[in-house]
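Undergrad: First to last, the sequence lines map onto chains A and B. Residue 35 in the working numbering is what sits at position 35 of the first sequence, and the numbering runs on without skipping anything. Quick note: to get the working numbering, add 262 to the position in the second sequence (first position is 1).
Just so you know, the hints here were simulated from the structure itself, not pulled from any lab data. Hints may be right or wrong, so weigh each one.
Below, computed lysine to any residue pairings styled on SDA-like, alpha-carbon distance capped at 20 Å [what the hints assert, rightly or not]: (1) LYS133/A - GLN541/B; (2) LYS535/B - ASP137/A; (3) LYS104/A - PRO428/B; (4) LYS133/A - ALA531/B; (5) LYS133/A - ILE533/B; (6) LYS133/A - VAL537/B; (7) LYS133/A - SER538/B.
Covered, in the sense of this in silico footprint (three residues per stretch, anywhere, with C-beta under 8 Å from a C-beta of chain A), are these stretches of chain B [as the list claims (entries may be wrong)]: (8) 418-430; (9) 435-441; (10) 472-484.
Pair ranges (Cβ atoms, derived) [said to hold, decoys possible]: (11) LEU170/A - LEU532/B: 36 to 42 Å; (12) LYS535/B - HIS129/A: 17 to 23 Å; (13) ILE371/B - LEU105/A: 39 to 45 Å; (14) TYR398/B - LYS116/A: 48 to 54 Å; (15) ASN188/A - ILE533/B: 47 to 53 Å; (16) PHE328/B - GLN69/A: 40 to 46 Å; (17) ILE107/A - TYR274/B: 36 to 42 Å; (18) GLN53/A - LEU278/B: 54 to 60 Å; (19) SER6/A - LEU415/B: 38 to 44 Å; (20) PRO364/B - GLU85/A: 25 to 31 Å.
Quick caveat, the model's predicted, so the values are computed rather than measured. We treat Cβ as the ideally placed atom computed from N, Cα and C, and that holds for glycine.
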Amino acid sequence: MTNILSIQNAKLVIGEKTLWNHLNLDVAPGEFIAIIGANGSGKTSLLKAILGQLKLNSGTIRFQYDLVQQGSDKIGYIPQNRNLEESSSILVKDLVRFGLSGHKLGIFLPTLSSNKKVKEALRCADALHLANKNFGDLSGGEQQRVRVAQAIIAEPVLLLCDEPLSALDLQQQQIVSELIKREAKDHNAAVLFVTHDVNPVLDKVDRVLYLANGSFSIGTPDEVFKSDVLSELYGTKVEVIRNSGRIVVVGAGVHDHHEEER
Amino acid sequence: MNIVFDFSDFGYLVSLVLISLLVAGLLGVLGGLVSTLVVQRDASFAVHGISELSFAGASIALLAGFDVTLGSIFGSLLAALVIGLVAGKSKSRNSITGVLMPFGLGIGILALSLYPGRAGNKFGLLTGSLVSIGDYKAQSLFILAGAILITLLVFWRRLLFSSIDPAVARARGVNLRTQSIIFMLILGITVAISIQVVGALLVLSLLVTPAAAANRVTNSQLWGPLLAVIFGVVSAVGGMLLSLGAALPVSPFITTISFTIYLVCLLIALIRKKVSSWQ
Numbered sequence: 001m002t003n004i005l006s007i008q009n010a011k012l013v014i015g016e017k018t019l020w021n022h023l024n025l026d027v028a029p030g031e032f033i034a035i036i037g038a039n040g041s042g043k044t045s046l047l048k049a050i051l052g053q054l055k056l057n058s059g060t061i062r063f064q065y066d067l068v069q070q071g072s073d074k075i076g077y078i079p080q081n082r083n084l085e086e087s088s089s090i091l092v093k094d095l096v097r098f099g100l101s102g103h104k105l106g107i108f109l110p111t112l113s114s115n116k117k118v119k120e121a122l123r124c125a126d127a128l129h130l131a132n133k134n135f136g137d138l139s140g141g142e143q144q145r146v147r148v149a150q151a152i153i154a155e156p157v158l159l160l161c162d163e164p165l166s167a168l169d170l171q172q173q174q175i176v177s178e179l180i181k182r183e184a185k186d187h188n189a190a191v192l193f194v195t196h197d198v199n200p201v202l203d204k205v206d207r208v209l210y211l212a213n214g215s216f217s218i219g220t221p222d223e224v225f226k227s228d229v230l231s232e233l234y235g236t237k238v239e240v241i242r243n244s245g246r247i248v249v250v251g252a253g254v255h256d257h258h259e260e261e262r
Numbered sequence: 263m264n265i266v267f268d269f270s271d272f273g274y275l276v277s278l279v280l281i282s283l284l285v286a287g288l289l290g291v292l293g294g295l296v297s298t299l300v301v302q303r304d305a306s307f308a309v310h311g312i313s314e315l316s317f318a319g320a321s322i323a324l325l326a327g328f329d330v331t332l333g334s335i336f337g338s339l340l341a342a343l344v345i346g347l348v349a350g351k352s353k354s355r356n357s358i359t360g361v362l363m364p365f366g367l368g369i370g371i372l373a374l375s376l377y378p379g380r381a382g383n384k385f386g387l388l389t390g391s392l393v394s395i396g397d398y399k400a401q402s403l404f405i406l407a408g409a410i411l412i413t414l415l416v417f418w419r420r421l422l423f424s425s426i427d428p429a430v431a432r433a434r435g436v437n438l439r440t441q442s443i444i445f446m447l448i449l450g451i452t453v454a455i456s457i458q459v460v461g462a463l464l465v466l467s468l469l470v471t472p473a474a475a476a477n478r479v480t481n482s483q484l485w486g487p488l489l490a491v492i493f494g495v496v497s498a499v500g501g502m503l504l505s506l507g508a509a510l511p512v513s514p515f516i517t518t519i520s521f522t523i524y525l526v527c528l529l530i531a532l533i534r535k536k537v538s539s540w541q
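So here's chain A without its partners, still in its complex pose (with noise of 0.2 Å):
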């Protein structure tokens, strides 16, 4: 099996401060990683890098045996929920359609073939009822089934989520992280989801990339979500509180943990 992405001992400083070091992560075909951390720990970093948009201060990151400068359209990306700029104004299906044509050169004119394809994307993430309305009248959670589509209509192989569950409520990011979760495993791409809560995606992640302190830890759920490692990797005494399914870490330092990030 080969890898879709590899990061070969990776490092990037910002400022003064170095967010990782050594960092080291294949990702195989359809895999679902979650990158977890506190605020300023690097997790949009990461993906920032991986799209060629920050400099790596040493190692390298290689999409598909290149390495990315500058984005690529073989890369679906979910942002954050936030609204568009309140001058910009688009119908949810030209937004979506954007996903499949937006980078390419010529006028913006929907064939037959992309309306198409713009309809199953929007119906695999369940907002084919929402195709003729303005995106920035919908809810959160429906502006963020709108970018899982945008993000899948071009078949992307990897998936990068940029806390794609902020500012949304409990039931409607198991919503959007199922949807992620299942259209990811639909299309055999692999999802990087930065999150700075485990728990929405706790039942559907294959590892956990953890980053604190300018270290990382990778592995399983079980293997990670550990007093001992985290307490390693946090360099203080941190407990990890299991609760009915869900994950608590408590611990110096790690009270930011939940805050929103910026």
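Given chain A, put chain B in place with the hints provided.
TA: Using the frame of chain A, we list chain B on its own:
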């Protein structure tokens, strides 16, 4: 004031200004498309700033005896590049524009007051005078507008994507900086052409109003720009035809038609809202 429309030798007049009408039509198409991007990028204020710098360039050229159109293009490109390069975000863009704008207008007025020639030329830069610019110049404006239109169509989808949804566009491999520079260049030259038609003070009526009006009635990325193009052409060509009949400057007609279209679209939006709230 009593405006007397006289359309008795209208056909003859139209044949005299045919090339100017063609320029106006093409500018209407350009205005419809460019205004779509301006509205999506929230860059109306930048348009105004660029037009004042363009006015300054034209006035200096007039004073120095250079080609006025070239001066105007030079001024607007300089302003467009400064605004585009220095300021990515709408907020800092606005303050930079606010700093540039009075400076440009001041320089322009200074150059005009020093200019010893006819006052009509001076006034034309502020309020437009396409009919009086002559066939040769109208032809070069037509070619320039055509070239910009082709460039715009080539990059259209990317420009739209990066204007509306920059984060995802970037992840999909679109270079936002390049798109921003292309947009600013297109905007700069379109402003310079518009100044010849409606003048520096009224550029917004062709480069903002058409899309702002279209936006009231549709959010479609197909019909919105098309509608804006129709609005732009109706305003520019219609204004020109009316001004021929009335023997008055073209710009008040263009701005009035453009504004009327906006009001109608606003009314349609309000009625629709009412109807949907009843249902």
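Undergrad: Between the alpha carbons of LYS535/B and ASP137/A, is the straight-line distance 20 Å or under?
TA: 14 Å, holds
Undergrad: Going straight from one Cα to the other, do LYS133/A and ILE533/B come out at no more than 20 Å?
TA: The given pair, whose Cα atoms are some 18 Å apart, holds under the 20 Å limit.
Undergrad: Could you tell me whether the CB distance from ASN188/A to ILE533/B stays inside 47 to 53 Å?
TA: 49 Å, holds
Undergrad: Please verify the coverage claim for the stretch 418-430 of chain B: does it have three or more residues whose C-beta sits within 8 Å of some C-beta in chain A?
TA: holds (count 10)
Undergrad: Does LYS104/A pair with PRO428/B here, judged by a C-alpha cut-off of 20 Å?
TA: 14 Å, holds
Undergrad: Do the Cβ positions of SER6/A and LEU415/B conform to the proposed distance bound of 38 to 44 Å?
TA: Hint holds: Cβ distance 40 Å, inside 38 to 44 Å.
Undergrad: Is the gap between the beta carbons of GLN53/A and LEU278/B within 54 to 60 Å?
TA: About 56 Å separates the Cβ atoms of GLN53/A and LEU278/B, which means 54 to 60 Å holds.
Undergrad: Look at the Cβ atoms of ILE107/A and TYR274/B and judge whether their distance stays inside 36 to 42 Å.
TA: 38 Å, holds
Undergrad: Between PHE328/B and GLN69/A, does the beta-carbon spacing fit 40 to 46 Å?
TA: 43 Å, holds
Undergrad: Quick one, are LYS133/A and ALA531/B close enough, alpha carbons at most 20 Å?
TA: Given that 20 Å is the threshold and the Cα spacing comes to 15 Å, the pair holds.
Undergrad: When I compare C-beta atoms, does the stretch 472-484 of chain B have three or more residues closer than 8 Å to chain A?
TA: holds (count 5)
Undergrad: Quick one, are LYS133/A and SER538/B close enough, alpha carbons at most 20 Å?
TA: Within the cut-off at roughly 14 Å; holds.
When held up to the earlier numbered hints, the structure conflicts with none and fits them all.
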